[in-house]
Each structure stands twice: as structure tokens, then as C-alpha cells.
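Here's the letter readout for the chains.
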Amino acid sequence: MRIARPVTVDEAVEALSAEPGAQLLAGGTDFCVEVNFGHRRPAAVVALRRVAELRERAVRGETVSLGAGVTYAELSGRIAEVVPALAAAARSVGSPQIRNAGTLGGNLATASPAGDTLPVLAALGAEVTLRGPAGERVLTVGELVTGVKQTSMRPGELITKIEVRRVRGAQQFLKVGTRNAMVIAIASAAVVLDRDRRELRCALGSVAPVPLRVARAEEMMSEAIDWERVEAPPGAAARFAELAAEASAPIGDHRASARYRRQAVRVICERAVNRCLRDAA
Amino acid sequence: MTTSTPGPLVDDPEVGARRTSGPQTTGARTTGARVGEGALRPDGTPKAEGRFAFSSDLWIDGMLWGRTLRSPHPAARIVSIDPRPALALPGVRAVLTATDVPGRATYGLEVPDQPVFARDVVRYHGEPVAAVAADHPETARAAAEAVVVDYEPLTPLVDPTTALDSPPIHPDGNLFRHLPIRRGDPGATAAVVVEGSYEVGMQDQAFLGPESGLAVPGDDGGVELYVATQWLHVDRDQVAASLGLPVELVRLHLAGVGGAFGGREDVSLQIHLCMLALRTGRPVKMVYARDESFFGHVHRHPARMWYRHHATAEGDLVKVEARILLDGGAYLSSSNAVISNAACFAPGPYRVDNAVIDGYVVRTNNPPCGAMRGFGSVQVCFGHEAQMDKLAAALGVDPVQLRLRNALRQSDRLVTGQVLTGAVPVREVIEAAAALPLPPDAAPDGPPIARPGGAGLTADPDDVARGTGFAVSIKNVAYSEGFDDYSTARVRLEVGPGGDPVATVVVATAEVGQGFVTLAGQIVGEELGVGRVVLSPAGTAEVGSAGSSSASRQTWMSGGALQLACAAVRSELAARAASAWACPVEMVEVVTGPAPGEVRRRGTGERMRWVDLLDPPIEREEEYHHRPTRALDADGQGDAHLAVMFAAHRAVVDVDAGLGLVRVVQVATGQDVGQALNPLQVTGQIEGGIAQGVGLAVMEEIVLDQGRVRNPSFTDYLIPTTLDMPGVDAVLVEVPEPGAPYGAKGVGEPPAISSGPAVVAAIRAATGLPLERVPVRPEDIALAPRP
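Chain order of the listed sequences is A and B.
Mapping to the numbering used here: the first sequence position 77 is 77, numbers consecutive.
Position in the second sequence (first residue = 1) + 281 = the numbering used here.
Next up, chain A with everything else stripped away, as it sits in the complex (with noise of 0.2 Å):
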């Protein structure tokens, strides 16, 4: 196995050209376990823990910046301060060696549908910022992850930032897990009600192939705030939460039926939005 260990972006991007199908390596979380599995053995791989640039993470002005090497465990102090679902996202995230080592980059690149931050960053409309030899493009969520495990991150393409705006109003995230901690999602929420924009945002984790959007559900939500008192009348979020349920598409397997992955969206949904409603009061 041949390894790089660039210090910058470039050199990461280089190293990557240079040898085509090469595994980027960040904390290794998803990585190792695949290659202990024997499901991954690459030839060639980059390593990417020495390029400071990935490791910054700064709050400026109404924007927080995080580098795609930041770990889940530096999602804490100020920034849990400005985005507070990000930080439960990645407080929720396996054990405290796994959030030590586990970046934000890597949970968006292995894409997977249980990746505890994607939910999150998808209702927050956090921009992800990719380089690869032709330069930089800014990507969503929704427009980066295309299917379990799937990306539209193209050949020597790297994350190198990922980028979300604070947001007036309140978050939410709520995980379902058979255990109280270490565990893998059978179904997660991100609620975001943004009072600027007068709308209200979720996406789900781990009931469809990618983090999803309930667009119909967010539609009759944010028009049933009464956006200068933030308060919904009865039955709204109950309502939210059904069409929420219905917008999944959960699959049923070993860790849960796809009927109790559909309820715990349900569960899940309307207790975020009450949250949010009583967070934003």
C-alpha cells in the first residue's frame, strides 16, 4: 500500500491525480472498518491529518467555517453555540475515541444514509466547498450525496470546508437508537425554524438512501407559524410529522422494520418542532 501525507490542499489534490482511485484517509472511522471487514483494500492512500487548512474551524461574522478535518469532538464550545444541532449531531456520534478521531468531511464523503451530521447540515443549508484539479465548486448536501454511499464528488476531488450560516430562530436533533449511546441511527431528525426566512427546514437520516428533504412538510409548516409569535395552533406539528412520515422511504432490516423506522419519524418530527417552537418563544 503506497501512502501520501500531504501538508497542503494542493498536495493533497496533486497526490490524489497522481494516483487515481487513491482512498483519502481523515480519521479512519468508516475507513478501517471497512478495510478490517476486507471490503476495501486500496493500493494507494492519502492521508490527510497534516493538511492544517482541512483542521480549521473559525466563527466569523454570521458564518461558521469548518474545515472537512475537523472532528466530530471539535464541534463543541462556540460553535455548538451557533449551530447546536450540529453539535448534538456529532455528540451522538459512536464513542469518544470514535468522535476524536471521526471528521465532519469524512461522515459527508462515505455518504452514508446513517451519517449522524448529514441530516443536520442538509436543514441548515450548509454549503460544502470541494477542490480537485479544475478548482473549487460549492455544492448542498443534497446535491453532493446521491445514494447510499454514493457522491458527486468527481476524480481527485477533495472536501475542504464546509460552511453554514447561523440561523435565527431554533434547531433541533433527535436520533433513534436500539441503545443510549454508540449507536447506529434507525432514524434521525434535523428541524431547523429559521424566523429570518420565515420557514421552517428538516431533513431526515436513515429512512431514505440519502439525507432527506420533506419539502411538503416544510411547506405546510412554515406557513402554519404564525411567524411574529412563533406558535403553531393545534394539531400542526402532529400534522407536519405525518407528512414527514410519509415523505420516508425507511427500508427494514436487522436494526429495525421499516414500519417502526416510519413511526419513530413521526415520534421524532413532532417533538422537534414543538422543541423549536418553544426554543424560538
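These aren't lab readings, by the way, just hints derived from the structure by calculation.
Mixed in with the good hints there might be a few duds.
Cut-off 25 Å, straight-line C-alpha distance, at most; resulting in silico cross-link-like pairs (DMTMM-like, lysine to aspartate or glutamate) [to be verified]: (1) A:149 with B:887; (2) B:671 with B:597; (3) A:149 with B:595; (4) B:671 with B:595.
Values in this document were obtained by computation on a predicted structure and should not be read as measured data.
Position chain B relative to chain A; hints supplied.
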């Protein structure tokens, strides 16, 4: 006694990793704390600091790496096996299959019905078909994949309820054992009758140290095997039989064991490793990966149970009827003993004069099942305790009072007719658990992460309901039904380098985490008062069998052997002093405390130091046999058990019924321990056992789909984390067991038995749901029709 007793520090814990003929094996040196103290385990600090050598850390220069090829099918005919593509790979030294087994082609704990390698047919998903040895683990992996096996898949027999009506999938047939128990009047009935059916899923031991070992070929045609196991000598006998070697040429050494819980009773890689080492003439190491470990050992038997209880209007049990069906999987393992426990203890720790019980364990194409902590008692406890709650509800009485009313007492009989002559503090354990303080109500402003759903932050305070449940259990100590169980111990007393007496203990007792290494030092401390005790590495060539570290038996059995050996050493000291003084031995007193190390002559007051009597050193070996037990007759009657132990558990849970998520808040327990020889270690057993009980109640299950294991990983086979583990409040009920060394019963299994049923009872109380299957899955609550 409560369990908060802190132990004195061991001043020089020097452990683990004593280098012997090459690889590292276990051994320990400890100072002589006495029985009853909460001494710290000598291997505790090295384990916590990562310095302890586990079997997966074994290393010897020039070793090869072994790898096992396993069947992807639960049932298939093997049409052909072609090892040539694997042998053609550079660095591959051997590819072995069924035709290479030099001796007996099969092995097994009770009956050798399991092939070392499948020959014509595979009977479960993961059954070994071939093993390879190569210069590098990656090469070994590639070689195993390169072996070409042509399978003709068969329809697997996966439903245990149809096993007896299906064509045999093994020459020995599909019935392992039917054990009927008939007591009293089969037609008896009473005013109140409750009936129920219950199901228990397949639990795994989920030990953290995967199966691993190192085989080194000897100059004499024999082999040294360093391996993590529970019973060195029975492994040796099975390995030797399959190698076609006399047992003296197969020398097993205990390597550091990373947990066992029954999952290391059966042979896994032992025979494969020795075959590879003898074939290649090189040391061979093998370490199962986590997923392979799930295929490499037996699991807890899944159970289907039907019960009918008859009681008077006052709540006295009159009759218990039960049909218990255990799925034994493809091979026998210890199934016959597991069903015996399940049937014998089917009514639980209650007095009942009439019983009609039928226990069945059958063969299927599911993974083999065998020993796991609690061993048959766990499954039926879910049944009998659910029934006791049903009966209490039908009678309109308090469930704890109903249990107290029917609790077994000394001189009562089990349904096998055996009179309980030992300590039977069932009432005491129930009262102790019930009297412990309940946890405070959940505070609405408490940390959200402490609610059901934990780090997923799914529950608000209004979503949570609290419930409390109670359960009591009974389990035998040691092996039953006439097995002549014994353990061997040797003690050498000599002058140490500092001029003080040093005792060396040689036992083949497998230290699997239970803490016999600590207890051995305490027993020698108690019996000889020696400050310095060295525990030799455990091996088959050094000493006779200690029996298995199973069935909560080692404190009693190896403790008993060690006590006898120490007594024999004392006798020899007295004899040597008597000879020196030319006096009758009765006139010599051996002083073991508080100022040990002397002999005194009664009458004259003369004294002599031990060290002056230790040339040559004194060495004594003793075997301890417990009193005989008997086989069960055609009606399941007989004095089959050595002793029984009891525990009561009260669980408090918070449930989010909308999502079906559970947080176990507290488990309070009273446990019958006989005497606590090391309260700190007893507490460790209680907490660890409760973790496994909680796990089975709410999350632990091997999920099968047509015989295929769907979740062989710690990603998907979930065991409790810190956030799932309740607070544990324990009372050790100490009523000395007559006939047991130091009055101690076993303590390892009871915590894992009724804790789970108590948790399920608490979830029933919180939700009002019947919940007749464990583990209770979120959807069993969230999607259940509301009562």
C-alpha cells in the same frame, strides 16, 4: 454485608506476563491478604494500564499466521474442495481440510458430534471448512479466500418447533435431549390458573478478547498450545484425540483471557492451530477478527416456553406445568446440561408439590448453542417470573408478597425431589432487594442524556413513564447429574530470596476474569499466613485438572483444593517439627497468624521458624471432590445438584413508549453468596452480571435470517454502554453453605439471571404491555396495540 467495602491495596502487584519457554503466559504474584478481605486483584492494574498480555498479544519469532475458512451457508453439501489456488500463493505454508485430521474427526464437550472441519456437509453458517497458515496475516486471509469450495446449498432447518418432525440433519438425529420431570399429582389443579408463552432470543457472550492462541511444535512430536480457554485439560483431551497423540504430548498453557462467560468452554481454534503447527513445523498464531468471533463460539440457547401455574386463592402454588424448547443449533456442545438446568429450575425458587415439566433441546441449522453465564436458568427465569407476576395480578396481591409466600426454605424439595439441605435464604434475598431505597423520581430538569434514548436526545420529560419490576432466580453451583467434579492444587513452601517463607501455588484454574488469582492469594494467606504467594502459570503439564471456570464453581472447587493442599503443607511442617523435637505431632502448633512463620511446642513453649524446617521445601498436591450427585431418573427425580444459589433483583426503568426506548435507572439486588470471600470481587461479579442481564432484556440478540447471522459485529450486536448501565445497589446475604469451603457459594451467575426478568417486568409496569419476548425491541413497545 453491603458491597461498598473498599479493599486494602496490594503493595506489589506484579503480574501477567511471566516469560516461560518463549511466549507469554499468565501468572501472578500477590501478597497474603486473608479470606473475607476486599483485596485488589493482582492483574487489575496491568489490565487497566494496557500492560497485561492477552492471548491475542502472543508472539514468537518465526511464527506463521493461521486463518479459518468458514461456510457461507447454513446447510449445504460440499461437492468439492480445491486448495491448490491457495497453495499456489507465495507465502502460504499449509492448507488443511477434513481429510488432514490425523485422529478423531470430531470433537465435543459431551459427545464428539462436531467435525473439526466439515467434510461432506456443512450444518451452520460459519462452520469451519479449511484452515491455512501463511507468513503474514494478509497472505493467510487471501489464501483462505482462494480455497475453492463447491457447495450445493440445502434448505436449512431453522425452526426448532419443526426439528423433531424433520428429516435428521446429523447421523445422531435432531433430538439432543428430552427431559421430563413428573412430581406429585399430574391432575392437580387449584382455584387460580394462569398461562403464558414466552420467548428468549439468542444472546452472545460478547467477550472483548477474541479467540486467539499460539501453537508451537515440540521436539518430541508433541505441541505446546498457548490459548485463552476456560478448561485447559478438557481442551487438551479433545485436541489430543483429534491429533491422534497421547495427552502427554499436547501441553496447554493458559494465555491471558479477555472474558469468557461460557463462550470458551468449547474448542474453537485449538485443534486447527495444533494441526497447522505440526504440519508446518513452525509456530502458528491465530486471532479471530470480531466478526469471526461471532461464528467461533456457541451462543446462549434461544428458548420457547409455555407455562401454566395453578395456585390456591390464598396464593400457594399447587402445580407448575411447563414445556421448554431450546434451539441447540447444529451441534450438541453442552446442550444436554443446559436443558437439565432449564427443566430442573423451571418453577423458579418456589415451593411446589406438583409439576409436569418437559424440557426439549433440538438440533437445527442455526448456530450451535451451549454454555453462557446462567446456563438454562436464564431462559426459564423470564418464564417463571412473568408467570409469578401474572399470578399476583390474577390474585390481586403484591408480586413481592406472592414470591415471599412461596419462597423455598431449607428442607423443602425441588421438583426433582431433592431435599434442600444447604442454605436457602430466598426470603432473605427478596427482602434485602425490596428494602433497598428506590431512586429519586426523574427530575424534569435533569440531564436529557439520562433519559431513554440517551445521547440521541429523543425524550422530553413528559414522554417518559417509570416502572418497577421484581424477579428472583435459582441456579445450581458446579456440575450436576452424577458428574465427578474435582479440582487439583499443589502448594510448595520454601525459603524465599529474602529469607522469608514463600508459597507457590500451582493450579490449572483458568482465570477468565472471575478473580481466582486474587482468591488464591487470600486462601494461602488464610491457611498459611504467608506474606508472599506466587501463582504459577496454569498449564496441563504442570498439574492435574482444575475443572472448568464455569458454573460458578471455581471458588468452591479450586478453593477447596487449595485449602486441602495448604492443610497438607501445615501437617508436614508439624511433622518435621515433631521430628526435630522428638515429640508427638499433636504437641506441635503451626502458627499462621497474627505472627505467622513459626511452630510452637505445646507445654514447653519452644519455638522454631518455618524457614528452618524447609530444607527440602515442602510440596503437597491435593484433589478436591465435592460430594457425589446423582443422575435424574425417568421422571426427572434425583439428587442431581450439589447446591443452589439465589438472587433477587428489583429494577426501575424509564420508558419512552412513543419510541419504545428504555433507560434502566436502577437495579437493586440481594444475593445469596454463602460467604463473601472477597466482597470487592463479588461486587464486580454483581455489576458485570447485571450488565449482561440488562443487555438481554433490552438489546442483545444475534439476529438470524434463514440460519444466517445478520449482525456479527459490535456495530450491530449491541451490548450496554455506560449510559445503558443502571446504578447498582447490592446486599450480600451471607448464610454460610454447609460443606462448602469457607461456606462460600458461587457468585458469578446469579446476577445475570433474574436481573433481565426484573427489567422486563419493570417495562411491563411502565407500559402495561404483556411483552412476552426478550430482548424487548423498541418496536415491541412503540408498535404494540395500546392496552
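request  = Find the hints from earlier in the document that the structure breaks and name them by number, from lowest to highest.
outcome  = Of the numbered hints given earlier, those the structure breaks are 1 and 3, listed in rising order.
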